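Visitor: These are the residues of each chain, in order.
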Amino acid sequence: MEFSIIQVLLVGLVGFIAGIDQFSFLESLYRPIVLGPIVGAILGDAQMGLQIGASYELIMVGSMPIGGAQPPNAVLGGIMAVVFAISLDSADFEAALALAVPFGLLGQQAVNIWFTVAAPVMSKMDTLAAKADVKGIERLNWVMCFGIGVLFAVIAMIGTYAGAAMGVALSTSVPAWVWTGLGAGGGMMKFVGFAVLMKVMISGEFWTILLAGFASATIIDAAFQKGNYTLVIIAILGGAIAFYDYQLNTKIKAVGGNGNKGDSSDGI
Amino acid sequence: MASNLANNYKDKTLGATLDKQTLNKMVWRSLFLQMSFNFERMQAGGWLYGILPGLEKIHTNKDDLALSMQHNLEFFNTHPFLVTFVMGIVLSLEQSKADVNTIRAVRVAAMGPLGGIGDAIFWLTLVPITAGIAANLSMSGNYFGPILFLLIFNGVQFAIRWFLMHWSYKLGSSAIGVLTQNAKEFTHAASLLGIFVVGALISNMGGTTIAFVIPNGDAPIVLQSVLDGIFPKLIPLAITLTMYYLIAKKNFSVVMCIMSLLVFGLIGALPFIGLF
Chain A
6 MEFSIIQVLL VGLVGFIAGI DQFSFLESLY RPIVLGPIVG AILGDAQMGL
56 QIGASYELIM VGSMPIGGAQ PPNAVLGGIM AVVFAISLDS ADFEAALALA
106 VPFGLLGQQA VNIWFTVAAP VMSKMDTLAA KADVKGIERL NWVMCFGIGV
156 LFAVIAMIGT YAGAAMGVAL STSVPAWVWT GLGAGGGMMK FVGFAVLMKV
206 MISGEFWTIL LAGFASATII DAAFQKGNYT LVIIAILGGA IAFYDYQLNT
256 KIKAVGGNGN KGDSSDGI
Chain B
202 MASNLANNYK DKTLGATLDK QTLNKMVWRS LFLQMSFNFE RMQAGGWLYG
252 ILPGLEKIHT NKDDLALSMQ HNLEFFNTHP FLVTFVMGIV LSLEQSKADV
302 NTIRAVRVAA MGPLGGIGDA IFWLTLVPIT AGIAANLSMS GNYFGPILFL
352 LIFNGVQFAI RWFLMHWSYK LGSSAIGVLT QNAKEFTHAA SLLGIFVVGA
402 LISNMGGTTI AFVIPNGDAP IVLQSVLDGI FPKLIPLAIT LTMYYLIAKK
452 NFSVVMCIMS LLVFGLIGAL PFIGLF
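Protein chains in written order, with my numbering: chain A, 6 to 273; chain B, 202 to 477.
Quick caveat, the hints were computed from the structure, so don't treat them as lab data.
It is possible that some hints are incorrect.
[Claimed, not checked] Straight-line alpha carbon distances no greater than 25 Å define the calculated SDA-like cross-link-like pairs of lysine to any residue that follow:
(1) B/263 to A/135
(2) B/451 to A/252
(3) A/136 to B/385
(4) B/258 to B/374
(5) B/451 to A/125
(6) B/385 to A/257
(7) B/258 to B/415
(8) B/263 to B/328
(9) A/256 to A/210
As the structure is a prediction and not an experimental result, all values here were calculated from the model.
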């Protein structure tokens, strides 16, 4: 089935909104269960969209964005599953889903690329913040927000217009090692964020505390396999040490001592 | 970059108390926490966007506003649905004109643990249950399925966002009196907790592993499993310390660091190197 330009543009609009909503705003409009009937209605079969969307939703429940890891992309996978089910004119979910898989992977790669290229923008924000440019910060944030929406709109429109073959062509046009390399590079960028925090927070006496936190988290992660509660336990441990430190130093101050032994050496 | 920031605000007089309207405005803005998400500082840009209305009311001195905006652009990552809790606490500290080190330490200490709690509430409990019920309705051809899903999910989401914002701002404001009395001791304790959490984040969020295999006849040596046996998470720690060294001692800019990591990742992924 060929779709009209208006239908393609409307799917693009859905892709734009869902591309943004998967990270910002309601963070629920993008779920396949919601997108399914909407994309279905645009392409002329809301009922089929409703059911395909629900099937895809049940698959997605198993792959949530837990702990910041990126699962196969729900937005493009969900939209394209409906597009292909309707263009094949069959409610054969398995077949439509198989065609949609390259787009799910493409969506995941698009997200990774976007989060990588968006990193240098933070330096521009630093410059704006140093000038207390409130409007500038707000504007740049919105540019980045719309950017990812446009990226998803374009991929959704290409898929709807050019069909399933394009998904395969696009997702294999770049050699696998480039994706691996970009993924590895992107995955390491957070260490720069940590390093800057360390630079402004750490002083001689705190190095051992940093290592203690690192070691504790490694042990707790290993003990529970899935590190979902690790940081809660870390907060309890760290909170206990911090509370003890606070009590001790206020008492020392109360009896006339000098808590934290000196001003310049502790760096705070 | 955020390296040579002052530690104290110039205008030490208590900032304006934030009215309900401003707090509610920031609840709405908190929906866009991840609007400029990136791999380096994650939610930092959206975090600043969210609290800006409050910061503008509190810091009438322009230099103070600039200082506050700069330190609030440092690495930030928490659970998107629970962020208003951190917002309320941080804004009450900003209002009392606490020093930058204190605010930063509290921010870091609060953001980490919320991630685990939020995942447990939303992604592991609320979504599977509501999506399960709603998907069954949809499968039987009932359009109420998606509507039910949106209503429940967003009802819970907005109730939590709204409650946490107002509650934590009140909580923070009422604790300020005691804390300013022992400001130095509190900063020391909060920094300790903050550093402890940063150390934990390096391990908990640092997923970088290597795929390097040393050919050894029938028993090739997988380097990562050797490392896991000696010192798990050695690689995330080593990269973080290298970045710290480059930034703190070698005057590398943040952009230079992320670019080097990207090049390092690409070179390491070349088929004949096979590091990643």
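Visitor: Does each hint fit the structure? Answer for all of them.
Guide: Here is what the structure says about each hint:
1. B/263 to A/135: holds (10 Å)
2. B/451 to A/252: violated (38 Å)
3. A/136 to B/385: violated (29 Å)
4. B/258 to B/374: Since the Cα atoms of residue 258 of chain B and residue 374 of chain B sit roughly 16 Å apart, the hinted pair holds (cutoff 25 Å).
5. B/451 to A/125: Answer holds: residue 451 of chain B to residue 125 of chain A is near 20 Å, not above 25 Å.
6. B/385 to A/257: Roughly 12 Å separates the two Cα atoms, so the pair holds.
7. B/258 to B/415: Roughly 60 Å between the alpha carbons, so the hint for residue 258 of chain B and residue 415 of chain B is violated.
8. B/263 to B/328: violated (44 Å)
9. A/256 to A/210: This hinted pair holds, its Cα atoms lying about 20 Å apart.
When each numbered hint is compared with the structure, violations occur for hints 2, 3, 7, 8.
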